[in-house]
Amino acid sequence: MGCKLSFDYATALGSANFNNPIFTASGCAGSGKELSQFFDLRELGALVTKSIMVKPRSGRPTPRMAETPSGMLNSIGLQGPGIDTFLENDIPWLREQGVAIVVSIAGESVEDYAVLARKMRAVPGISALEVNISCPNVENRGQVFACNPETARAAIEAVRRNIGGELPIIAKLTPDVTNIADIAEEVVAAGADALALINTVLAMVIDTNTMRPKLAGFTGGLSGPAIRPIAVRAIYQVHARLPHVKILGMGGVASGRDALELILAGASATSIGTATFGDPTACIRIKEELEALLVERGFNSLKEAVGYAHREATQ
Amino acid sequence: MGCKLSFDYATALGSANFNNPIFTASGCAGSGKELSQFFDLRELGALVTKSIMVKPRSGRPTPRMAETPSGMLNSIGLQGPGIDTFLENDIPWLREQGVAIVVSIAGESVEDYAVLARKMRAVPGISALEVNISCPNVENRGQVFACNPETARAAIEAVRRNIGGELPIIAKLTPDVTNIADIAEEVVAAGADALALINTVLAMVIDTNTMRPKLAGFTGGLSGPAIRPIAVRAIYQVHARLPHVKILGMGGVASGRDALELILAGASATSIGTATFGDPTACIRIKEELEALLVERGFNSLKEAVGYAHREATQ
Amino acid sequence: MNKFAEQITSEIISNKKVGAYHHMVFSVGDIAKHAKPGNFVAISIGGATSSMVLRRAFAIYRASDRGLSGGFVELVIAPHGPGSIWLTSLAPGATINLVGPLGTAFGIPTEPVKALLVGGGYGSAPLFGLSEILKSRGCRVDMVLGASSAMKIYAPLEGKRSVSSLTITTDDGSVGTPGKVSDVIPNLIANNGIEIIYSCGPMGMLEAITKIAEEFGVMHQCAIEESMACGIGVCMTCVLPIKGEDGVIRMLRSCIDGPVVDGSSVIWNSKRKIPEGTWGAN
Amino acid sequence: MNKFAEQITSEIISNKKVGAYHHMVFSVGDIAKHAKPGNFVAISIGGATSSMVLRRAFAIYRASDRGLSGGFVELVIAPHGPGSIWLTSLAPGATINLVGPLGTAFGIPTEPVKALLVGGGYGSAPLFGLSEILKSRGCRVDMVLGASSAMKIYAPLEGKRSVSSLTITTDDGSVGTPGKVSDVIPNLIANNGIEIIYSCGPMGMLEAITKIAEEFGVMHQCAIEESMACGIGVCMTCVLPIKGEDGVIRMLRSCIDGPVVDGSSVIWNSKRKIPEGTWGAN
Ligand SMILES: Cc1cc2nc3c(=O)[nH]c(=O)nc-3n(C[C@H](O)[C@H](O)[C@H](O)COP(=O)(O)OP(=O)(O)OC[C@H]3O[C@@H](n4cnc5c(N)ncnc54)[C@H](O)[C@@H]3O)c2cc1C
Ligand SMILES: Cc1cc2nc3c(=O)[nH]c(=O)nc-3n(C[C@H](O)[C@H](O)[C@H](O)COP(=O)(O)OP(=O)(O)OC[C@H]3O[C@@H](n4cnc5c(N)ncnc54)[C@H](O)[C@@H]3O)c2cc1C
Ligand SMILES: Cc1cc2nc3c(=O)[nH]c(=O)nc-3n(C[C@H](O)[C@H](O)[C@H](O)COP(=O)(O)O)c2cc1C
Ligand SMILES: Cc1cc2nc3c(=O)[nH]c(=O)nc-3n(C[C@H](O)[C@H](O)[C@H](O)COP(=O)(O)O)c2cc1C
Ligand code: FES
Ligand code: FES
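Residue numbers (our numbering), protein chains in the order written: chain A, 50 to 364; chain B, 50 to 364; chain C, 11 to 292; chain D, 11 to 292.
All clues given are correct.
Only pairs whose alpha carbons sit at most 25 Å apart, straight line, appear in this in silico DSS-like list of lysine-lysine: (1) D/K253 / B/K104; (2) B/K104 / D/K281; (3) A/K82 / C/K43; (4) A/K104 / C/K283; (5) A/K104 / C/K281.
Just so you know, the hints here were simulated from the structure itself, not pulled from any lab data.
Build the full structure now, drawing on both the sequences and the hints.
Here you go:
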């Protein structure tokens with residue numbers, strides 16, 4: 050216990066500091082209120098809000114989800130109240146709770162990202178901005194921003210130019226690309242302070258009774274333990290290429306062991322998404338399990354463990 | 050039963066015809082001998098051989114595998130005896146069994162593919178050639194052939210030019226690309242008669258005890274039910290783009306229901322890989338289950354069900 | 011949001027096959043005290059090595075805080091797919107992880123009214139507890155239960171006793187009146203002077219009842235069943251379009267703004283499309 | 011390739027905790043008749059809803075075709091990770107899917123010889139059946155069992171009786187001689203005129219024994235344990251470098267060319283690298 054007390058669980062992403070590395074994942078923690086019924090939000094490293102857009106969005110029609118082996122598909126379609134209502138209703142409540150807040154934003158055009166960044170620049174009490182660029186770009190045949198180096202760069206530049214001040218930018222990337230490290234380099238060059246890896250994997254389930262795609266939106270994003278090996282690979286590749294850029298890792302973390310795996314691969318913090326659906330207190334359980342595993346392995350701080358699997362890497 | 054007797058289970062890939070749509074997956078059926086102990090190989094639609102290269106290969110060092118949630122990683126590294134020994138030992142035995150044979154070939158250079166195609170052109174008793182272009186190209190910084198439209202095209206063209214005659218070419222693609230339908234178009238333009246979708250997904254597991262990548266080769270290929278939604282998506286996308294090109298689908302098929310899902314998405318046949326590791330008679334079980342499901346749904350033939358999920362697709 | 015929701019380890023007290031269903035009893039401590047008719051619980055599936063990452067929701071059939079070992083809830087479960095088959099195969103003594111009570115409850119009128127309770131399949135489950143409460147408030151309670159066939163009618167003896175009249179319909183006519191519940195409801199409303207309908211069952215049935223309720227000008231509270239990933243309001247998978255008092259249609263979460271909703275507020279038949287005019291439609 | 015391999019549904023007949031292990035008995039019909047010491051079985055894990063897609067391999071401890079309900083095999087299982095914990099938590103009456111017998115067996119000398127059997131941890135399991143056969147052929151059998159501590163020594167009474175001498179070593183000295191099996195083997199070879207060593211246990215132990223066997227010029231058959239995805243020879247995950255009689259090192263499958271191999275043919279300590287000169291090294 051003496052050992053545990055002296056363990057330093059703090060972490061940082063860009064210039065933002067956090068008490069511990071366990072965050073919620075964007076889109077998987079509601080407004081925060083729903084989870085606060087199960088635990089004190091201040092126990093989180095940070096609460097990452099659902100990606101907010103410029104205008105209100107109804108999201109996609111139902112069915113919006115399908116369970117898959119060790120995972121699930123979703124096609125929520127970024128349902129939300131729009132940035133103005135969000136800043137008016139959600140942020141003040143979260144601020145009151147005393148939890149570190151990471152706001153996730155998403156746009157349909159480069160201009161959207163600029164608008165959202167301007168709206169955010171004056172907002173106090175925010176630790177960082179997660180920029181979800183894994184959304185369809187309506188100006189570019191609906192291709193996802195993060196699938197293309199140029200559009201990825203343009204979105205992040207728009208945020209960088211408009212955010213002002215010190216708010217760190219975390220660019221959230223999709224794994225659905227030929228080479229994620231290339232995209233990572235591009236967005237870091239464009240001004241991202243840190244990276245969030247990975248968003249869901251594009252996938253589909255066909256209902257063998259109706260014999261049609263199960264989701265109303267046809268394709269959806271695959272999340273949960275099924276994709277963890279893909280997340281670990283992406284984090285490992287990007288950390289190898291850009292060892293000084295901090296990574297918020299996510300994808301299938303359901304236990305302290307899983308969080309440790311992402312941290313050893315190079316993540317400085319991990320977001321918990323799908324696991325919360327199966328277990329409302331997953332974040333707290335994982336936080337405790339991870340700390341115990343780190344202490345057991347003789348680490349004095351979380352930071353020592355970040356990227357530890359790369360030591361003497363010869364390949 | 051009268052109904053079942055009249056059901057037409059036959060399928061075709063390019064000009065090759067098969068009694069039924071259940072094939073083994075390349076690299077997941079040994080030399081055929083090992084499985085023949087559990088069932089009569091003639092029950093298979095076809096046996097797809099392990100990808101064979103020009104020269105003998107020791108493959109990668111161990112550990113070569115890691116179990117993952119609803120899946121596994123492998124990094125066998127194409128261990129095999131080389132094309133000459135293969136043609137001398139394996140093919141005659143398989144031919145004797147009376148099973149339809151699909152030979153899978155893999156190269157490290159465009160020239161390798163040409164050599165392999167020339168070696169194959171004179172070989173009798175082969176139904177089709179599966180061209181695994183999901184291998185590292187030693188002439189191009191180890192980038193996988195199928196990750197790049199130009200190298201994918203070059204490999205398939207080399208096979209097309211050298212194979213001669215009627216042997217259908219099935220190009221096997223990796224899902225680790227930004228847009229698999231683009232690659233599919235490219236290889237079809239280069240002369241592929243059919244497509245095999247999907248190869249394994251690049252992934253990694255870190256052993257949280259040794260705190261190093263679990264596989265000696267660091268990354269490996271993710272297979273099994275975990276990736277089925279990715280396979281369904283890839284097959285659906287490619288069938289939508291190229292409705293007249295036949296697809297051999299694979300990725301996480303472990304039951305007749307799963308095979309049906311891939312067929313509804315657009316596959317004309319499905320390969321069974323990882324499922325055989327958990328159940329040596331998986332192919333036979335799946336074949337029976339799939340037929341029952343098709344009959345139950347009122348199909349008179351397998352062919353009617355291929356791509357059925359695309360009907361009235363409005364999105 | 012149900013402010014009493016808790017996550018607990020729960021022991022299976024009993025598991026009995028009844029017709030096409032399993033009647034299962036779970037020890038739940040204080041959850042029983044707070045459970046109201048219409049609420050549901052969400053149960054983890056498949057144990058430690060499960061490939062199923064999502065909970066399954068089950069309407070509370072009855073709850074009591076006076077069991078031998080504290081509070082318990084009773085559920086009626088159809089072994090339908092891998093999750094419910096796993097759950098219904100567990101023996102007494104096994105433990106599962108349970109979150110509850112969740113969701114909204116049926117509203118209880120302050121005055122005695124004439125109520126019609128309509129259940130489809132296992133949708134009859136929450137109606138028996140509701141019926142008891144309504145009776146205790148001096149309401150007259152009539153009940154209609156429908157299903158595809160006799161085996162799928164869940165109507166235990168105690169339940170039957172608590173209602174003034176019970177009408178059963180089955181698609182195949184194997185018990186009761188052949189046909190749908192919606193065939194018999196109009197007469198029951200007219201003959202018994204029904205003022206409110208409470209319903210639970212498949213979406214198609216709830217939609218049909220909503221239409222009848224509107225025709226006759228009676229209130230209609232229904233418990234809907236949308237596919238749910240989290241059950242606690244954090245995932246937005248379980249939404250359906252509901253018209254608010256301000257006339258605006260919003261995609262609301264059936265797990266926290268439901269499952270019990272006012273039938274007339276629901277934009278029915280909206281699967282696979284967003285109704286026109288929905289707030290933020292895109 | 012074991013030509014007797016079959017895939018069957020097997021019932022658990024008994025499951026008893028013995029020290030750190032579970033001794034489990036499975037009904038297997040004809041598989042028992044063909045099982046030889048050194049063979050293993052491969053068992054599906056986690057049931058219908060499992061997230062674990064691969065079988066687990068277990069060495070056959072004993073086999074008999076004279077059980078009350080036909081043939082059975084006995085296994086000794088360490089509850090180590092999710093798979094073995096699931097399996098050892100099953101109650102008698104439960105059924106699992108089993109493939110066996112698999113792999114090569116220990117070679118039995120045609121002449122009576124002086125044999126030393128060495129087991130590490132649950133690696134002692136296959137040695138008792140082997141010991142019985144060797145004795146029946148007139149061999150003298152000495153045995154050494156090692157483990158980290160007393161709880162991990164698996165040595166049932168009947169087993170002990172079948173050997174001429176039993177030496178136990180534990181790392182922590184909690185029973186027997188403190189230290190490793192390799193500390194006591196040289197003396198045993200010298201004192202008892204050992205002609206052949208049979209071993210089963212962790213790879214490091216097998217490597218150490220191989221060295222000693224070479225020093226003393228005695229034969230050494232060992233049962234290796236590589237991580238296996240299929241167990242039947244179709245996946246190529248379980249390979250290890252073995253020098254053939256032609257002097258060529260090949261990556262052979264431990265599931266069909268093993269698990270029992272000649273210790274001197276193995277290129278030890280080759281994890282994470284392909285030994286130089288291996289056929290097809292790239
Ligand atoms: C509020 C509510 C109350 C319910 N009450 C009961 C009850 O009292 N008794 C009972 O037997 N079942 C009830 N269900 C249905 C139950 O939650 C399961 O969907 C059902 O048991 C099938 O699960 P499965 O794993 O066996 O089947 P599967 O078909 O393998 O799995 C169902 C999967 O699809 C999702 N899903 C798809 N369609 C639906 C749908 N219409 N409703 C819910 N989930 C869906 C599930 O979440 C799950 O991921 C209720 C559902 C809800 C939402
Ligand atoms: C030929 C052979 C005989 C065996 N005999 C026994 C026995 O008699 N008693 C016993 O308790 N166990 C035995 N094992 C080990 C057993 O197969 C399992 O690996 C062990 O039970 C741990 O599995 P798990 O799921 O509990 O642990 P986990 O660690 O969760 O899973 C193990 C996973 O890693 C793989 N794996 C990793 N390293 C190894 C390794 N060194 N050996 C095998 N698999 C590995 C497994 O296939 C599986 O995918 C034997 C293994 C082999 C290959
Ligand atoms: C229902 C659902 C909604 C999501 N919404 C968002 C979102 O709004 N913005 C975003 O960047 N990611 C979103 N994600 C992706 C998650 O934040 C996370 O990157 C992904 O699910 C992988 O983590 P997991 O496996 O722990 O869920 C969503 C995921 C799910 C399952
Ligand atoms: C152990 C193993 C070895 C494989 N070897 C090959 C190979 O040699 N050539 C090839 O094209 N694909 C190979 N694959 C990929 C499979 O053929 C298949 O595309 C993939 O595993 C997805 O199918 P599954 O989920 O049914 O296994 C291999 C897969 C595994 C698991
Ligand atoms: S089920 Fe997740 S919000 Fe309703
Ligand atoms: S375990 Fe598959 S080849 Fe040996």
